Every structure is written in C-alpha cells, then in structure tokens.
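**Student:** As a plain string of letters, each chain reads:
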Amino acid sequence: GDSVTQMEGPVTLSEEAFLTINCTYTATGYPSLFWYVQYPGEGLQLLLKATKADDKGSNKGFEATYRKETTSFHLEKGSVQVSDSAVYFCALRGAYGGSQGNLIFGKGTKLSVKP
Amino acid sequence: DTAVSQTPKYLVTQMGNDKSIKCEQNLGHDTMYWYKQDSKKFLKIMFSYNNKELIINETVPNRFSPKSPDKAHLNLHINSLELGDSAVYFCASSPGQGRNTIYFGEGSWLTVV
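The listed protein sequences derive, respectively, from chains A and B.
First residue of the first sequence: 1, per the numbering used here; consecutive thereafter.
First residue of the second sequence: 1, per the numbering used here; consecutive thereafter.
Looking from chain B toward chain A, a few residues come up when the C-beta cut is under 10 Å (computed):
no.	residue
1	Leu43
2	Glu58
3	Asn100
Below, in silico cross-link-like pairs of lysine to aspartate or glutamate (EDC-like), each with a Cα-Cα straight-line distance of 20 Å or less:
no.	chain 1	residue 1	chain 2	residue 2
4	A	Lys110	B	Glu106
5	B	Lys41	B	Glu58
6	B	Lys41	A	Glu8
7	A	Lys107	B	Glu106
8	B	Lys52	B	Asp70
9	A	Lys110	A	Glu8
10	B	Lys40	A	Glu8
11	A	Lys68	A	Asp55
12	B	Lys44	A	Glu42
13	B	Lys44	A	Glu8
14	A	Lys107	B	Glu58
15	B	Lys41	A	Asp84
16	A	Lys107	A	Glu42
17	A	Lys107	B	Asp38
18	B	Lys22	A	Glu42
19	B	Lys36	A	Glu42
These are computed hints drawn from the structure, not numbers from a lab.
Quantities reported herein were computed from a predicted structural model and do not represent experimental measurements.
We put the CB at the ideal spot given by N, CA and C, even for glycine.
Make a model of the complete structure from these sequences and hints.
**Tutor:** Next comes the structure, spelled out in structure tokens:
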C-alpha cells in the first residue's frame, strides 16, 4: 500500500541554519504531496503542498519540490528561526483506489531551533 | 471564523465513562474525517464520511462510533473508555475524495485516568 518515510528526529539546529527534512513516498498513481506542521500544544496546519511532478510548494520560507523520479518531497528552509520549532509531517493523498483518498502520514520529525 | 472546529479541546475522564467529541466545518466540504494521534505523534485515519455516508472505517474498536447528522458535522462517540484511548483526536474535512487538501481542526486532547 501507499506509504511515506521521513527522516527520524529529533533535529536540533542553531538559528539561521539551513534545514532539510527528507521525505520519500511509495504510491500507486500520482498522489498529491503535503507538509503539515504541528507547533507545541497546537493542531495540524498545512504548510505547503504540490499536486504534480516538478511542482514546488512554498510557504513561510519553506520549500519542497515534487520529484517523481526519486519519489521524494524534501522540505527545506534556508534560515530557520526559533519560532520554527515544531513537528513536521510529510503526507500523501492518492487518487481513488490507491489509498482510498486517505491522507497517509510519515511519522513526523521534531525540529528544535536554538537561539 | 474557524474553518474546522472541534470541542472540547481538552478532556480528562475516568476509565469506563462514555464521552463525545463534536466537530463542525464551515467550509462547505463534502468529506469529513477523524484521525488519531498517539503518544509518539503518529497520525492515523479512523473514519471518513462523504455526504454523511461512511466510506473509510479503519480497524478501530467498535466502542468508537462516528455520527454525521449532516455533511457539516461529524461527531465521535466513545463508549467504555480505556487508558489506551488517551490520545489527540483530530477532525478534518476536504472538498471531496481524491487528492484535495485536507484541513484539520485544532485537536481534542483526551486523557483517560
């Protein structure tokens, strides 16, 4: 079945460091890909998305490019801030049949940014 | 103007009790969901409704019963609560099935003591 694998955390960085969180997927057909973020004590927020190959999703300085050839959707940010400390989830949503349109999540990567 | 709202946000209750979590969305979406996040932050689908019809029912104990009175509401009732039911429960909605974005509520933190 469909699945998402993202790098294990926790990830600890200093402010202004470069961030990469790796995410790869397995899916039938052509899924949509998402990054969600969960700040401490809060709910899930959509961070960015991409719906087809070579699309780049971006928001709040974060970017991710849908790479069909490597089945990847790595999250990057050039300069992290303390306020970026959160858990980041990579997810996919397939068309009918593959994952029944269900959102399949990776296990989450906790990011801590130190001043 | 909260898009997906769920209540209560925090709930502490004793084993054996019955409790409900309510969810409403004002986005005009046809499809609603319940997800469970365990203590390790892992998120998994529990149920999905499309236009009040159950379309996904994962392996969940039958103590959990979703109810959708209309397509804007999807409530979750839990009977005979157990310690292992302690988790964060997220309600969500989307414009339909397929590859559309799913929007989440703020979560309901359930603690069973």
